[in-house]
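Following the hints, position chain B against chain A.
Here are the chains, one letter per residue:
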Amino acid sequence: MAHEEKRAWIMLVVTVVAYTAYVVVVLTRANGAPLTATAYVAPLVWSIVLAILANIVLDIATSLGMPRSERRRDTRDKEIARVGDLTGQSFLVIGGLAGLILSLVEADWFWISNVIYLGFVLSAVLGSATRIAGYRGGFQTW
Amino acid sequence: MVKPTRVTNSIRALRFTHGEMTQADLAERIGVTRQTVIAIEQGKYSPSLEVAFQIAHVFGVPLDDVFQYPQDSE
Numbered sequence: 001m002a003h004e005e006k007r008a009w010i011m012l013v014v015t016v017v018a019y020t021a022y023v024v025v026v027l028t029r030a031n032g033a034p035l036t037a038t039a040y041v042a043p044l045v046w047s048i049v050l051a052i053l054a055n056i057v058l059d060i061a062t063s064l065g066m067p068r069s070e071r072r073r074d075t076r077d078k079e080i081a082r083v084g085d086l087t088g089q090s091f092l093v094i095g096g097l098a099g100l101i102l103s104l105v106e107a108d109w110f111w112i113s114n115v116i117y118l119g120f121v122l123s124a125v126l127g128s129a130t131r132i133a134g135y136r137g138g139f140q141t142w
Numbered sequence: 001m002v003k004p005t006r007v008t009n010s011i012r013a014l015r016f017t018h019g020e021m022t023q024a025d026l027a028e029r030i031g032v033t034r035q036t037v038i039a040i041e042q043g044k045y046s047p048s049l050e051v052a053f054q055i056a057h058v059f060g061v062p063l064d065d066v067f068q069y070p071q072d073s074e
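Chains as they are written, first to last, in the numbering used here: chain A, 1 to 142; chain B, 1 to 74.
Keep in mind the hints are simulated off the structure, nothing from the lab.
Values in this document were obtained by computation on a predicted structure and should not be read as measured data.
It is possible that part of the hints are untrue.
[Stated by the list, open to error] No farther apart than 25 Å at their CA atoms in a straight line, the calculated lysine-lysine pairs in the DSS-like style are these:
(1) K78/A to K6/A
(2) K44/B to K78/A
(3) K6/A to K44/B
[To be verified] If you anchor each label on the Cβ, the simulated ranges turn out as follows:
(4) E28/B to V105/A: 19 to 29 Å
(5) Q68/B to P67/A: 14 to 24 Å
(6) G60/B to I94/A: 43 to 53 Å
(7) A61/A to E20/B: 28 to 38 Å
(8) I52/A to E50/B: 28 to 38 Å
[As the list claims (entries may be wrong)] A few chain A residues that face chain B, going by a derived Cβ cut-off under 7 Å, partial list only:
(9) G99
(10) S103
(11) G138
(12) F139
Cβ atoms here follow ideal geometry from the backbone N, Cα and C, with glycine treated the same way.
Bound conformation, chain A alone (with noise of 0.2 Å):
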């Protein structure tokens, strides 16, 4: 497996368990009161920087002992991580959107948050579902 296809699924991994995990401790927290009554903000922050530090921590034990020609970035992975990137793009776009309408609405800034993190999650997993996919089942450029 490319070491770029690896960091793909590491990405599209850590950030379905991480959201996932944020969503249930927020659930659990809330115990059927109201959403936005819910302590949300330090189980979001914490879930978004624990996802960062488990792919930086993830990256690098899955570098360990790989030579130093097979971690490179040749041109397919450039090509396959810029067409996972432009697909993962339009999900920031429509969370940075939809965060924008929330706050003209004056929505509470629970669900502002939400959406824009939503959004994130959503690129993240799109993007590295597309990386994913043109290791798997093939990239023609011609």
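Coordinates of chain B only, in the frame set by chain A:
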């Protein structure tokens, strides 16, 4: 999802006729990873024109001897 390419290649055969060159050796000589050479050989990735020429130069053959495209459409 991805439209399969009609481009085929003879890289595997050329490697064996050139001293059983390994995929790692070829990858090193054209500046890509071994996984990319594997993907090219399997037709899962069409390299850039520059990489295609580099592969042909490694084997000392014209581009047509490395990559082939069917003449008649459909």
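Structure-based check of each hint:
Pair hint K78/A plus K6/A holds up; C-alpha atoms about 14 Å apart against a cutoff of 25 Å. Restraint check: the Cα-Cα separation between K44/B and K78/A comes to about 16 Å, which is no more than 25 Å; the hinted pair holds. For the hint pairing K6/A with K44/B, the CA-to-CA distance comes to about 18 Å; that is within 25 Å, so the pair holds. Distance hint check: the CB atoms of E28/B and V105/A are about 58 Å apart, inconsistent with the given range 19 to 29 Å.
Q68/B and P67/A have their C-beta atoms about 32 Å apart, which leaves the hinted 14 to 24 Å range violated. Between G60/B and I94/A the Cβ separation comes to about 52 Å, which falls inside the hinted range of 43 to 53 Å. At about 34 Å, the CB distance of A61/A to E20/B agrees with the hint of 28 to 38 Å. For the pair I52/A and E50/B, the beta carbons lie near 36 Å from each other, so the given range of 28 to 38 Å is met.
With 7 Å as the threshold, the beta carbon of G99/A stays out of range of chain B, its nearest partner Cβ sitting at about 31 Å, so the hint is violated. About 37 Å separates the beta-carbon of S103/A from the nearest beta-carbon of chain B, more than 7 Å, and the hint is not met. With a least beta-carbon distance of about 4 Å to chain B, the hint placing G138/A at the interface is held under the 7 Å criterion. Against a cut-off of 7 Å between C-beta atoms, the interface hint on F139/A holds, since the closest Cβ of chain B lies about 5 Å away.
Hint check: violations occur at hints 4, 5, 9, 10; the rest are consistent with the structure.
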